[in-house]
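**Student:** Work out the full structure, taking the sequences as your base and the hints as a guide.
Respectively, the protein sequence lines represent chains A and B. So the first sequence is numbered by the working numbering: it starts at 1 and just counts up by one. So the second sequence is numbered by the working numbering: it starts at 1 and just counts up by one.
It should be emphasised that the hints constitute simulated quantities derived from the structure, not laboratory data. You may find that some hints are simply not true.
One side of the interface only, derived from the structure: several residues of chain B facing chain A at Cβ under 7 angstroms [said to hold, decoys possible]: (1) D10; (2) R221; (3) V315; (4) A318; (5) A321; (6) I385.
Output of the computed footprint for chain A on chain B, the stretches with three or more beta carbons under 8 angstroms from beta carbons of chain A [unchecked claim]: (7) 104-117; (8) 127-136.
Sample of chain A residues lacking proximity to chain B, with all beta carbon distances greater than 12 angstroms (derived) [stated by the list, open to error]: (9) G68; (10) G88; (11) Q148.
Even glycine gets a Cβ: it sits at the ideal position worked out from N, Cα and C.
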Amino acid sequence: MKMIQMEGVSKDYQVGGAAVHALSEVGLAIGAGESVALLGPSGSGKSTLMHLIGCLDTPSRGRYRFEGREVGRLDVNALAALRCATFGFVFQRFHLMPRATAWENVAMPMRFAGVAPAERLRRAAALLERVGLADRAEHRPSELSGGQQQRVAIARALANQPRVILADEPTGNLDSVSGAEVVALLGELHGEGRTIVTVTHDEAIAARAQRVIRLLDGRVVADDSG
Amino acid sequence: MEALRLLLRDLWAEKGRNALVALGVTWGTLSLTLLVSFGWEFVAAMNQVAANYGRSILRVSSGFTSAPFEGLPAGRFVELGQEDADLIGRAVPGLRGVSVEHSRMLGNPARYRDRQLNATLIGVEASFGELRNFRPEPGGRFIDREDERLNRRVAFLGHRVRDHLFGEEDALGETIEVWGQPFTVIGVLARRTVLTNNNGEEPDKIAIPASVYRELTGRQRAEFLVVSLRDPAEEQRVERAIRELLGGRHRFDPADEDALDVFSVIELEQMIGTITSSNRALVVVVGLLGLLVAAVGVGNVIFLMVQERSREIGVQIAIGARPRQVAAARLVEGLALTLSGGLAGMLVAAILLELAATIPMDPEARAYLGTPRVSFGVAGAVVLILMTVGGLAGWLPGRRAAALDPVVALREE
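**Tutor:** See the structure below:
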């Protein structure tokens with residue numbers, strides 16, 4: 001059994017009384033250590049699929065099993081614990097806590113996981129070092145460039161040593177140089193054996209992944225292993 | 001420790017609005033504490049003033065009959081004396097006690113060495129001290145049964161009499177001259193404020209045993225019979241019983257209102273009771289309204305602040321926070337804000353009341369206003385209520401945001 005296993009997964013939203021079918025009958029399996037790009041135009045359902053994979057959301061229909069556990073049956077606390085220990089999220093708009101410094105942002109998921117304060121400080125410092133921002137530890141997000149913010153977000157995603165990194169348009173708000181740095185960083189993480197799922201509409205970024213899953217109108221239309 | 005640091009950091013980051021919330025709580029606590037402290041102290045002081053005169057007193061004095069009775073003409077003077085007091089004490093149930101009060105201006109002044117004063121002399125029984133609450137200053141005492149039995153020449157001075165005759169000197173044990181006779185000073189009336197006076201003010205009087213008074217002046221007539229009831233509700237029954245009893249003894253119609261003048265301090269007490277209880281009710285109503293306004297304001301601002309942060313909360317949930325952790329953080333934030341504001345309010349109230357206590361004021365006015373102190377019970381209750389509101393206002397939207405699908409929360413921009 002693969003790490004991520006989806007069968008006939010659909011997701012519907014109610015928008016102003018009308019049902020929107022964001023995903024229809026998606027079947028998907030992603031193994032541990034794979035690097036996958038979810039590629040498609042906006043509205044194709046790729047972000048919704050990523051949210052489902054990352055247990056931010058549960059399917060309306062169908063089954064999603066993560067490492068054999070039926071995600072739809074988990075309660076909010078179990079979902080929170082699973083997200084905390086397993087997934088690292090990188091968002092297009094970084095979503096850093098505006099009042100917290102870089103290292104506090106990186107340490108935050110560790111606080112939720114119950115890591116001791118001294119250990120949090122040590123690990124956050126090491127992670128910032130790793131993304132090349134050791135000298136920016138005491139800066140707030142507003143004092144950092146977009147590329148630096150995204151690197152802080154990646155360090156935060158790594159805080160609890162997750163097996164899966166989920167990146168939603170990670171370069172969407174970055175200039176090309178910063179974007180390239182972020183893509184390279186994600187490549188490194190894959191090289192260390194992590195599973196990387198990147199949502200993008202950029203063919204060039206998708207091309208860096210081992211496998212590209214194309215979505216259109218909520219359906220998987222192609223699944224190529226490169 | 002780190003949690004505290006993060007909390008303070010979060011509070012500091014929104015210092016403008018948080019300061020407003022804390023200020024709201026400070027103001028609410030301060031004004032309510034002051035209101036209640038002043039209100040309650042005023043009530044207590046009024047009650048104390050009422051109690052100073054003695055509880056449930058009827059003051060009976062002589063009158064003229066207004067109608068012929070049993071062949072006797074109208075317009076007769078009803079002269080009261082010791083026997084009337086004794087009779088009432090024996091025959092009327094439900095009394096705490098009775099005392100005669102002989103009273104007259106001294107014909108020749110009271111003297112101590114080279115100083116002299118035209119004081120009012122009253123002759124009273126030992127029970128008078130208790131009934132009329134004539135408390136001595138420390139070290140002294142009131143007239144007692146032994147003084148009465150042995151016809152001792154002892155005097156209990158009003159404090160102004162003492163001040164005039166003795167100045168700064170100690171009067172206790174000293175001998176003064178009253179009506180040409182030596183009297184030993186056994187006590188000085190402690191300063192207090194009373195609701196009503198009769199035949200001059202208490203501080204200007206010299207009290208001696210009634211028997212000595214009669215011996216000295218040759219007068220049997222008592223200006224007043226001081227009657228104290230156990231139960232103020234029995235006022236009418238007791239008054240009727242006294243009129244019947246004395247009507248029989250002095251031969252006047254008990255229904256003849258003019259034969260005896262009965263002044264009731266009970267009515268004054270009841271009036272004060274009404275004033276104080278309506279004052280209390282007013283304080284409670286105004287206080288509750290104030291509390292409501294403060295609570296709504298504080299709750300609203302905290303609620304909005306947390307709501308504005310739903311996206312942040314969504315991110316926290318996405319990166320692994322449990323809904324409970326997120327809601328708890330907002331709860332603690334609300335509590336911390338309101339607690340700090342409340343403590344500040346209590347402190348300011350305490351300081352203001354301390355300052356108010358040092359304002360120079362006429363002792364009479366001070367007696368009615370009292371010296372309010374912070375009621376930490378009330379202040380604590382106000383702070384607790386505002387903390388509850390603040391905590392809920394943080395926790396509820398925090399919980400709602402945390403319970404929201406993180407996907408939806410992330411989209412809320």
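**Student:** Hint by hint, note whether the structure agrees.
**Tutor:** Evaluation of the provided hints:
A hinted interface residue such as D10 (chain B) counts as satisfied when its beta carbon comes closer than 7 angstroms to some beta carbon of chain A; here the least separation is about 6 angstroms, so the hint holds. With a cut of 7 angstroms, the hint placing R221 (chain B) at the interface with chain A is violated, because the nearest CB-to-CB distance is about 88 angstroms. The beta carbon of V315 (chain B) is positioned within 7 angstroms of a beta carbon in chain A (closest approach about 4 angstroms), and the interface hint is therefore held. With its C-beta approaching chain A no nearer than about 6 angstroms, A318 (chain B) sits inside the 7 angstroms limit, and its interface hint holds.
Here the hint on A321 (chain B) is kept, as its CB sits about 4 angstroms from the closest CB of chain A, short of 7 angstroms. The restraint placing I385 (chain B) at the interface with chain A is violated, with a minimum CB-CB distance near 29 angstroms, outside the 7 angstroms limit. Interface restraint, the segment 104-117 of chain B with chain A: violated (0 residues with C-beta to C-beta distance below 8 angstroms; minimum three). For the segment 127-136 of chain B, the stated coverage by chain A is violated: 0 residues have a C-beta nearer than 8 angstroms to a C-beta of that chain, whereas at least 3 were required.
The claim that G68 (chain A) is not at the interface with chain B holds, since no C-beta of that chain comes within 12 angstroms of its own (minimum 21 angstroms). At roughly 8 angstroms, the least C-beta separation between G88 (chain A) and chain B is not larger than 12 angstroms, which violates its mark as non-interface. Distance check on Q148 (chain A): its Cβ is at least 18 angstroms (rounded) from any Cβ of chain B, clearing the 12 angstroms threshold; non-interface status holds.
Checked against the numbered hints above, the structure violates hints 2, 6, 7, 8, 10; every other hint is satisfied.
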